[in-house]
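The task is to assemble the complex, starting from two chains supplied on their own in separate frames and drawing on the hints.
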Amino acid sequence: MPSIPSCPALASAYWYPFAIDLIRETIARLACCHTASGVLDALQHALGSLFPPAHVGICLLQDDACFDLLCSHPATAQPQLSRLTDALIESGHFARALRNIPGRAVFLPDAGGLLQALATPRQIYGMVLIVHSPLADEHMGALGVLLDLAAMQLERFDPETKTCSEPHDLVPQSMGSPTTRDRLTGLTDRIQFIHFLHAATATSKSDKPVAVLILHLDALHRINQEFGHELGDQLLRDIALRIETVAHSHFLHETLGISEFDICIARIGSNEFGIVLSQIARSHKLTDTIAYLQNHLSEGFRENHSNLYPSISIGAALCTDERTPVLELLRNADTALKHAAEGGRNQFAVYRSAWEDSASLHVQAESMLHEALRKNHFKLHYQPLIKLGEHRLIGAEALLRMPGTDGPLSHPGYFIPLAERTGQIVEISEWVLRMICRQLRRWTAIIPSPFHVSYNLSAIDLHRLDLVPQLRRILLEEKIPPRLIHIEITETTVARDEQRAIDNIRALKHAGFEVWLDDFGTGFASLKLIKQFPLSGIKLDREFIKDLTQSDTEDAIAESVLEITRKMRLPVIAEGIETEAQHRFLLRHGCDFGQGYYLGRPVSPDKFDAQLARVKAKRDPGSV
Amino acid sequence: MTPSNIIDRLDELPSLPAVYHRARQVIDDPHAPLQALAEIIESEPSLAARLLRVANSAFYGFSGNVGSIHRALTMVGTDDVNDLIIATCVISTFRDLPLGAVSMRSFWEHSIACGIASRAIARRKSWDQPEICYLAGLLHDIGRLAMYILEPQVMGDVLLAHRERRGHMWILEQQQLGCDHSDVGMELLKFWKLPRVFQNVAASHHGAVPAAAISPAAAVVHVADIMVNGLRMGSSGTRWVPRLDDAAWEQTGLSSEDLGSIVDTTVDTLDEVISAFLDPYTE
Numbered sequence: 001m002p003s004i005p006s007c008p009a010l011a012s013a014y015w016y017p018f019a020i021d022l023i024r025e026t027i028a029r030l031a032c033c034h035t036a037s038g039v040l041d042a043l044q045h046a047l048g049s050l051f052p053p054a055h056v057g058i059c060l061l062q063d064d065a066c067f068d069l070l071c072s073h074p075a076t077a078q079p080q081l082s083r084l085t086d087a088l089i090e091s092g093h094f095a096r097a098l099r100n101i102p103g104r105a106v107f108l109p110d111a112g113g114l115l116q117a118l119a120t121p122r123q124i125y126g127m128v129l130i131v132h133s134p135l136a137d138e139h140m141g142a143l144g145v146l147l148d149l150a151a152m153q154l155e156r157f158d159p160e161t162k163t164c165s166e167p168h169d170l171v172p173q174s175m176g177s178p179t180t181r182d183r184l185t186g187l188t189d190r191i192q193f194i195h196f197l198h199a200a201t202a203t204s205k206s207d208k209p210v211a212v213l214i215l216h217l218d219a220l221h222r223i224n225q226e227f228g229h230e231l232g233d234q235l236l237r238d239i240a241l242r243i244e245t246v247a248h249s250h251f252l253h254e255t256l257g258i259s260e261f262d263i264c265i266a267r268i269g270s271n272e273f274g275i276v277l278s279q280i281a282r283s284h285k286l287t288d289t290i291a292y293l294q295n296h297l298s299e300g301f302r303e304n305h306s307n308l309y310p311s312i313s314i315g316a317a318l319c320t321d322e323r324t325p326v327l328e329l330l331r332n333a334d335t336a337l338k339h340a341a342e343g344g345r346n347q348f349a350v351y352r353s354a355w356e357d358s359a360s361l362h363v364q365a366e367s368m369l370h371e372a373l374r375k376n377h378f379k380l381h382y383q384p385l386i387k388l389g390e391h392r393l394i395g396a397e398a399l400l401r402m403p404g405t406d407g408p409l410s411h412p413g414y415f416i417p418l419a420e421r422t423g424q425i426v427e428i429s430e431w432v433l434r435m436i437c438r439q440l441r442r443w444t445a446i447i448p449s450p451f452h453v454s455y456n457l458s459a460i461d462l463h464r465l466d467l468v469p470q471l472r473r474i475l476l477e478e479k480i481p482p483r484l485i486h487i488e489i490t491e492t493t494v495a496r497d498e499q500r501a502i503d504n505i506r507a508l509k510h511a512g513f514e515v516w517l518d519d520f521g522t523g524f525a526s527l528k529l530i531k532q533f534p535l536s537g538i539k540l541d542r543e544f545i546k547d548l549t550q551s552d553t554e555d556a557i558a559e560s561v562l563e564i565t566r567k568m569r570l571p572v573i574a575e576g577i578e579t580e581a582q583h584r585f586l587l588r589h590g591c592d593f594g595q596g597y598y599l600g601r602p603v604s605p606d607k608f609d610a611q612l613a614r615v616k617a618k619r620d621p622g623s624v
Numbered sequence: 001m002t003p004s005n006i007i008d009r010l011d012e013l014p015s016l017p018a019v020y021h022r023a024r025q026v027i028d029d030p031h032a033p034l035q036a037l038a039e040i041i042e043s044e045p046s047l048a049a050r051l052l053r054v055a056n057s058a059f060y061g062f063s064g065n066v067g068s069i070h071r072a073l074t075m076v077g078t079d080d081v082n083d084l085i086i087a088t089c090v091i092s093t094f095r096d097l098p099l100g101a102v103s104m105r106s107f108w109e110h111s112i113a114c115g116i117a118s119r120a121i122a123r124r125k126s127w128d129q130p131e132i133c134y135l136a137g138l139l140h141d142i143g144r145l146a147m148y149i150l151e152p153q154v155m156g157d158v159l160l161a162h163r164e165r166r167g168h169m170w171i172l173e174q175q176q177l178g179c180d181h182s183d184v185g186m187e188l189l190k191f192w193k194l195p196r197v198f199q200n201v202a203a204s205h206h207g208a209v210p211a212a213a214i215s216p217a218a219a220v221v222h223v224a225d226i227m228v229n230g231l232r233m234g235s236s237g238t239r240w241v242p243r244l245d246d247a248a249w250e251q252t253g254l255s256s257e258d259l260g261s262i263v264d265t266t267v268d269t270l271d272e273v274i275s276a277f278l279d280p281y282t283e
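As given, the protein sequences belong to chains A and B, one line each in that order.
Residue 111 in this note's numbering is what sits at position 111 of the first sequence, and the numbering runs on without skipping anything.
Residue 36 in this note's numbering is what sits at position 36 of the second sequence, and the numbering runs on without skipping anything.
To be clear, the hints were calculated from the coordinates, so they are not data collected in a lab.
Each statement offered as a hint is correct.
Taking lysine to any residue and the SDA-like style, the derived pairs with C-alpha atoms no more than 20 angstroms apart in a straight line are:
1. B:Lys125 - B:Glu250
2. A:Lys285 - B:Asp271
3. A:Lys531 - A:Met568
4. A:Lys509 - A:Phe451
5. A:Lys285 - B:Val267
6. A:Lys285 - B:Thr269
7. A:Lys607 - A:Met402
8. A:Lys208 - A:Leu330
9. A:Lys607 - A:Ile394
Here are a few chain A residues that face chain B, going by a calculated C-beta distance under 10 angstroms:
10. Gly186
11. Asp238
12. Val246
13. Ser249
14. Phe251
15. His253
16. Glu303
17. Asn304
18. His305
Even glycine gets a Cβ: it sits at the ideal position worked out from N, Cα and C.
This is chain B alone, in the form it adopts within the complex (with noise of 0.2 angstroms):
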């Protein structure tokens, strides 16, 4: 198998909604009035219980202050309101589909721990766009999401093989398929025509290019994804923590004094952000 095979075939699985892309549009035009987003996020009323609910979470810090989709894209502010556009979305496209020995949930428990430890990590470091780190994180393995979806059976034989302990699973699937997960990521993101900042994270978090080519968000998140599976907090597949590339960790100027708190934002936040995307609704 070629990793073309696998990267030919993207357009198998399900689409994002229309509405993410009417969204996008309004919010590429620096001239539509934030009410025409509003207006389309409530036409899907799906989308907007949701997001309302993410708005909501301990997450964003609201506590529980945001009752209207136009005030949500109020406080959250619009750098933000793409991101969580994008993750509403990509979420609830896969949200019911069922996989194999790894389950949807732990999936998203994994992606959305990555993504709120790398966000964790960049404020911890000042950054200008933490959000940027959080939906890199959060989308930096959708590649496998990808890979379970449309070979069931081979990845199947690699979680196997990696149970039995004969290798890092990107080794497996580069040798049963042809590609990793960090190779079939980067082509959906493309596909989806998402940012290439996003593109690039999915493509490096492994550490696996030179170390002058990883980009500080793929280096953030390379260290989130190391915390989130050596504390197990959900799994994409993987029962082995990644190794740390070190030039990864120096390019994130983290110290060790720091992971304490990183953990403890995450572990705080974790759960309710987790509910929020993916329980069904109480109300």
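Bound conformation, chain A alone (with noise of 0.2 angstroms):
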């Protein structure tokens, strides 16, 4: 640390020479300064240097617009300077310094000192209080390159005047002056957080990259509605005071290798908290800083004599070209997240290029539904249901095709999933129901005979509250009644909260729906399920099908199953019959109804027309 020289008797020929030995010292001494206080420090010094005996004081603009004295010296003259602050403030002295901007100094003739606003062209920093101290015309030069040094280096640590190298369009132009600060926990806003972000992949190289992290509180809303608004308010803040001192720890300094002046902090999201950490020299060592700071989130919280073990994920990314763009390092970051949040409870993951091809099948699957469902590309195909003993069509099972794409997306094994887990899922299950309905009144007109249609319910349509209200709405207006449809569901759909799936199948059943359980012997648990759960019936599943008499093994499981279920009483539908030897086994034991490309092809409805005209022809002649 250099060392500031004394000063030598004022308005000497020595003044000049040592007012510019001070300035460099302070230059030196600045540019080591890696916090507010170091740059205060290092003003207070120099300044005390400048003006020996004076007495100085420096305020620091808060984020209330109030001027707090940070630093008096010498440290005995805190009361006194602090009354004069006050005074100073009281009689309009500070306002009029501030309108000197730049640069001139305010004397004050009764206190016999003076006052020069801390601040840059940009931004107003602070106050500067020289009191007692002969002051001379040729000392306010090197006071004014003094506080302007301290400013610009100010300047540095804000981030509210980094400049941004390139245009974005993430702030509109009309935000004017945003608001840089979030109200509750006093973090950069996202605003904020995305101008750091721009400014910092700007710059950055591929020794040096950037990293964001995304922290996500699961639980906010659960917390919220069970302890109130207060105290997730205050978790917030709690979770913020602990990001910000891990992010500030030598620890992650270290292990970066990066200054506090490449971190910023942001509240993104109601629940969401960002952390850029740019200029990294030891990349290599994210996962043992996001670790760290998971330690310090899950080890939990005592908010107002509750104990609270809220699970926080996060998602990281890393930045090592700066032609990334900010928003794919964001939707890598929350990509991240989403892995992590998949992983269980306090998580994190660092994106990975390798995840793309299946991510970005994704993305693309998720818009694809979107646009599936807006410009109506789903189709309905319909597979006959035949009642074996009489080879009588009796029903038809409705499933959803996505005609017109290729690939894996236009797979129902690949996009249902998807869509379960996006929710759009629920918009899709209306449109299928209401599409059910519109050909059921069209079928029903032509065959005479009860005439079904079943569909798969997915499991968030199981376990919405409002499951059964909803479907009785649908086909109320729709004018189809409930016995119509029937409804299949599968072990898994079922898992996920039994009571509940338990309570909706009632309710189906108790409104006039049939259920069904699908997929049959597939599960674990399907007997026990058979028992607990007020069935329709069951559909066998195809694997018991498809090696029907080629093994007595399996001849022996279907027989037994079929023999459980005539003594339970449930009807059964064989799925998947494609030849004739299965189909007459099962008709040998007993089977009530199959479905299979043996006795009918899922087909478009139109086909499904023609075919039903044909049934209609062979079954009164005299017509047509």
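Put into structure tokens, the structure is as follows:
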């Protein structure tokens, strides 16, 4: 640390060389400062040397627009300087000094001193007060230089004035001067966070990359509901303080090899925090520091005499290429966050481009599902359901298709689970049911005998509290009685919350729907389910049918299942009947209903119409 | 609120484990064999495991050679065993309680760092009992832990006010609660019947007593506290580096050239010792 020279006799020939020395020393000192308090310290030292007998007070402008006296030199003068500061604010001297920006002092004849703003042309940082000193004009130049230097250094730490080197569309132009702090936590807000990220990525190099972390408080909504918003707010504040402590810790700085002003911490959503770490010298240590951060957050919080252990997931993305757009970086961090959340409580993940293939497929599919709903790209195909003994058409199963798309996306086994994850399944289900109803209206006009359509209900739907009222409303609007709709559920759809599922199944049956257990025999708890759930019947999985009549074991299993269900008086539909032999076997062993390529493939409604017409023509040859 | 208010409630805090009191009895008995102490510690497997981990950490410099409690006691030495047991018991007692804005982990990081830096200073100045300085440093802010647990709301306000730069933590504590963590810390250590030297350090580590009354250990902890706060090794809540008391600095006999090696020693051992005390067992 360079030592500040002491002031020689005033107004002597030594004055200017001394002032220049002092300024040079101060520049060197300021360059080593990493904090605002460091800057104030350096400034205080310099001013103390410039005006040795004087009292020097430095006030900083706080977020609430008040000036707080933070430095007093000598320390014993603190009470006196504090009183004087209050008086000078009251008397309007502060206001006058602020009007004098840039860089001119206001003299205080009564107090025998001066007041000068600590400011750059962009931003006011504080006020410097010097009392009881023989003040000569020639000092003013040196004073001005010192204050300018300090203010410029403060500006370097200030995220508000960090310049953005590229224009971007995230901040609306009309915002003017955006609020830069989140009121609740005191952290930077989202807009400023993006600003910082832009600046950081624009200057990043591959050997000193930028990392973005997104922290998600998983249970804020539930905490607010159970404990009240006040406690939820307190929790957010505490999380913010813990994040700040860790982000400014020796461990994090040393491990990553970064300095304090390469970090920006923000609240970027109601239950989300963001951290930008720039100029990372040791990026391979990123996971160590995230684990360290998570350690501090996962130990739980004591709020209002309750111990809370909320789960906080962290997703991170590293940017090694300055050409990576900020939005992409944020999206990557968000993808990592989802991965982390899927891994369980208090997990973190760092984005890997290897995920990209499946991830981009997901994003593509998500927007495709949206398009398909909007533009009516979904189609329903119908597969005949046959009463085996009489070989009579009694209904059809509706199957969702997305024609006109290629590749894996078009496969229901892919896009339905995806729609369940994105929540789009709810909209899709409603569309499916309405289409079925409209189809049924046409078909019931053609076929006089009872004819129903079955469809698969998703797990999301089965656990909705308003499932039954919702279905009834649709049927009422479409003028279709519930008994024509058969709902198929699977063991996996039930598993999420069995009680809720049972309640809904009871309500569905009560409302007049039939409920079938699909894919019977593939899970582990099937028999238990049959016992517990008020089912209309079961659909025997194609796995049991596939090898029928080719293996004695398979035959025995199918026989015993049919035996059990017969004793329980549960009707059975055999799925996936593909050969005549299978058909005969099932017929012989008393299986009631069947479905499969041998009996009829899934076809478009038009083709199904044509088949119906043929059935009808066979039944009463006189018509048509 | 009066100072006595929070101090009267110290019995609401979790108490030190029974094994600690049994161990103290044996330690205080000059005729008791080392094996007796080893058996008492081994009767509490979690304490024994913790103790072995700490004994094997870089802090004691035996580099993983301590296989049994008996051996740990022999190698660490009888003088230091007491401190090792106190540190392990105190940290284990509070380790798993959740706090508010200051995480328990970050509190102990600060305390352990201060302990290690205090010991490094004492060794640098060739004091007789560097272990005393270590434990004194480790316990210097313990009053704040009691305040976080007993008055979470008020301490939340204090932290917020401090973050808004309204003053040093201990001044805000006095404003809100009528006493600060040095008062509470002293009373708590007295309540636990720990030796007076630790009580004194907790009471005077901010240098807010007449210079002549600062004990050598308090002076060392005062300087160590400033160093680890300045380096931001953990945090017990404060964001400001406390003011260096000139008298305390002079009493330590340190010169600024000494600081580099003290910081190096602290940085080198800190992570491992923290992990030994705080992290779940990996075996």
